[in-house]
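Chains as they are written, first to last, in my numbering: chain A, 1 to 165; chain B, 1 to 418.
To be clear, the hints were calculated from the coordinates, so they are not data collected in a lab. There may be inaccurate statements among the hints.
[As the list claims (entries may be wrong)] Distance condition first, Cα-Cα at most 20 angstroms in a straight line; then the derived DMTMM-like pairs of lysine to aspartate or glutamate: (1) B:42 x A:44; (2) A:163 x B:54; (3) B:154 x A:104; (4) B:42 x A:32; (5) B:72 x A:32; (6) B:371 x A:42; (7) B:46 x A:147; (8) B:78 x A:29; (9) B:46 x A:29; (10) B:42 x A:29; (11) B:371 x A:44; (12) B:46 x A:156; (13) B:72 x A:29; (14) A:159 x B:54; (15) B:69 x A:32; (16) A:43 x B:373.
Predicted model only: the values in this text are computed from it and were never measured.
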Amino acid sequence: MILKGKVWKFGLNIDTDAIIPARYLNTSDPAELAKHVMEDADKDFSSKVKSGDLIVADANFGCGSSREHAPIAIKAAGIQGVIAKSFARIFYRNCFNIGLPIFESQEASDKIAEGDEIEVDADKGIIKNISKGEEYVAKPIPPFMQELISAGGLVEWTKNRIKSS
Amino acid sequence: MTITEKILATHAGRDKVSAGELINAKLDIILANDITAPISIKEFRKTGAKQVCDKDKIALIPDHFAPQKDIKAAEQCKMLREFSKEHDLSLYYEVGRMGVEHALLPEQGIVLPGDLVIGADSHTCTYGALGAFSTGVGSTDVASAMATGECWFKVPESMKFVYFGKLNKWVSGKDLILHTIGDIGVDGALYMAMEIEGEAISALTMAGRLTMCNMAIEAGGKNGIIVPDDITEQYVKPRAKRDYKFYTSDSDASYVDVKEYDCSKIQPTVSCPHLPSNTKPAADLSNIAIDQVVIGSCTNGRIEDMREAAEVIKGKKVNSNTRLIVIPATQEIYLQSVKEGLAEIFVNAEAVFSTPTCGPCLGGHMGILAKGERAIATTNRNFVGRMGHPESEVYLSNPAVAAASAVKGRIAIPEEVI
Chain A
1 MILKGKVWKF GLNIDTDAII PARYLNTSDP AELAKHVMED ADKDFSSKVK SGDLIVADAN
61 FGCGSSREHA PIAIKAAGIQ GVIAKSFARI FYRNCFNIGL PIFESQEASD KIAEGDEIEV
121 DADKGIIKNI SKGEEYVAKP IPPFMQELIS AGGLVEWTKN RIKSS
Chain B
1 MTITEKILAT HAGRDKVSAG ELINAKLDII LANDITAPIS IKEFRKTGAK QVCDKDKIAL
61 IPDHFAPQKD IKAAEQCKML REFSKEHDLS LYYEVGRMGV EHALLPEQGI VLPGDLVIGA
121 DSHTCTYGAL GAFSTGVGST DVASAMATGE CWFKVPESMK FVYFGKLNKW VSGKDLILHT
181 IGDIGVDGAL YMAMEIEGEA ISALTMAGRL TMCNMAIEAG GKNGIIVPDD ITEQYVKPRA
241 KRDYKFYTSD SDASYVDVKE YDCSKIQPTV SCPHLPSNTK PAADLSNIAI DQVVIGSCTN
301 GRIEDMREAA EVIKGKKVNS NTRLIVIPAT QEIYLQSVKE GLAEIFVNAE AVFSTPTCGP
361 CLGGHMGILA KGERAIATTN RNFVGRMGHP ESEVYLSNPA VAAASAVKGR IAIPEEVI
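Please build the complete structure, drawing on both the sequences and the hints.
Structure, rendered in structure tokens:
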């Protein structure tokens with residue numbers, strides 16, 4: 001899978017309240033959540049972001065709440081994937097469970113600037129910065145997470161387990 | 001092995017596990033609330049499962065936007081109620097019986113030492129105080145667990161936190177954990193088990209221990225955990241309705257790091273906006289004016305917290321520039337507060353004494369901040385917009401500091417008002 005798009009940059013410790021504020025959690029409708037994505041980090045973000053864009057952030061992206069509404073809002077806003085130095089663990093888990101591609105790379109986070117055009121080879125974990133002519137490597141995805149991805153997320157994986165038992 | 005590894009190994013049907021291994025393990029309790037359960041219920045239906053794994057293992061608790069704050073929140077709560085009825089769930093708690101989930105489940109003896117618990121709420125790590133392994137997950141993880149009774153885990157590395165010496169007056173579990181997060185940062189224990197011990201912990205009440213494990217997530221931890229002892233036994237024995245088991249860590253268990261804290265040096269501590277790690281001694285913040293004080297939540301809404309706040313505010317009035325909202329975390333704590341005269345102390349001080357809810361902690365309802373307003377709260381997070389307007393501010397503290405601040409209308413230490 002190749003993800004190609006324009007980058008929006010965010011900083012350190014972007015928490016789930018910034019990604020989707022709790023005041024909007026009286027619904028789990030993805031389209032509704034997408035209207036408020038990243039609102040408390042950048043209040044105009046949902047009007048600026050275009051389908052196919054990517055987010056690049058510093059460390060500990062997605063810290064705080066367990067709300068799956070956070071990766072759902074990002075995905076429903078059309079964002080193809082998130083690159084960060086590290087992810088908070090529940091957010092990390094949630095992304096694989098719902099099928100939002102994420103990549104850990106210190107170098108990519110440091111060197112990619114807002115507006116850069118990048119291309120991510122999700123299978124190989126290679127991030128190309130087309131604007132700067134650079135290439136970075138993401139941490140490999142653990143084998144079990146790859147199994148989840150190829151099953152199509154945790155629900156499909158569970159469905160297969162129920163069928164085979 | 002550590003206590004964390006032993007609990008995970010037992011539930012995976014193994015003699016031994018080590019950090020980094022991926023395991024599939026059987027769960028004792030699976031939890032979700034009115035914000036996270038609606039997604040779990042929708043995803044559960046997609047798995048094709050005809051029934052839940054065990055009707056006595058799934059706890060659904062409407063506590064975040066309950067009592068139902070608006071029509072959409074009511075629709076979400078209704079999904080929990082209908083799903084619980086459809087599957088005859090024994091651990092569904094209607095408004096009037098419910099409490100803040102992480103206060104309610106230990107209080108009712110639903111989660112017990114040695115258990116393996118997941119919850120679609122990040123503060124599920126609270127139950128480590130009982131010597132259980134418990135951790136927050138997302139809604140889809142809960143959906144899969146409701147179908148299979150199992151969940152996959154990566155066995156975490158463990159970090160040890162040792163607290164020696166005696167606690168200073170007005171210092172509680174909240175101050176120890178805020179101080180620790182201030183030291184290691186909001187990702188200082190990322191993906192790790194935080195094992196908490198030491199002479200100060202052996203002397204700490206169960207309420208203080210629950211507060212500490214509750215905030216493990218605020219350091220990025222997977223779980224907080226305390227090896228059970230006599231205090232655990234006294235707390236659990238009258239509440240448990242099934243067997244439980246005490247696990248301990250071996251003397252040769254491995255830890256990636258050990259942090260030691262001298263409690264005699266820890267003062268009442270406050271986390272300043274906008275991160276729990278941004279800590280300062282409360283005494284240094286007396287110039288910070290406060291519009292709203294919240295005492296409650298899964299972190300500090302227990303009877304001991306109510307008593308501590310009441311002791312400070314008894315016979316005094318809330319400052320005319322400030323509002324104080326006190327929220328006992330469960331119906332049992334509410335009733336006990338009434339019986340002990342604590343409710344009367346709060347109302348006489350001109351505070352609100354509310355029915356249990358998570359409400360203001362996450363900016364849901366029952367005490368939202370306007371643009372430019374500032375709160376001090378006994379809750380667990382002070383991110384941008386956490387309690388309301390993105391341009392409002394939240395400071396975090398223990399209940400005694402919060403109560404003193406309500407009297408002064410600015411951040412204050414208890415000695416200033418007593």
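Verification of the supplied hints:
no. : hint          : result
1   : B:42 x A:44   : violated, 31 angstroms
2   : A:163 x B:54  : holds, 18 angstroms
3   : B:154 x A:104 : holds, 17 angstroms
4   : B:42 x A:32   : holds, 17 angstroms
5   : B:72 x A:32   : holds, 12 angstroms
6   : B:371 x A:42  : holds, 16 angstroms
7   : B:46 x A:147  : holds, 19 angstroms
8   : B:78 x A:29   : holds, 16 angstroms
9   : B:46 x A:29   : holds, 16 angstroms
10  : B:42 x A:29   : holds, 11 angstroms
11  : B:371 x A:44  : holds, 18 angstroms
12  : B:46 x A:156  : holds, 8 angstroms
13  : B:72 x A:29   : holds, 11 angstroms
14  : A:159 x B:54  : holds, 18 angstroms
15  : B:69 x A:32   : holds, 19 angstroms
16  : A:43 x B:373  : holds, 19 angstroms
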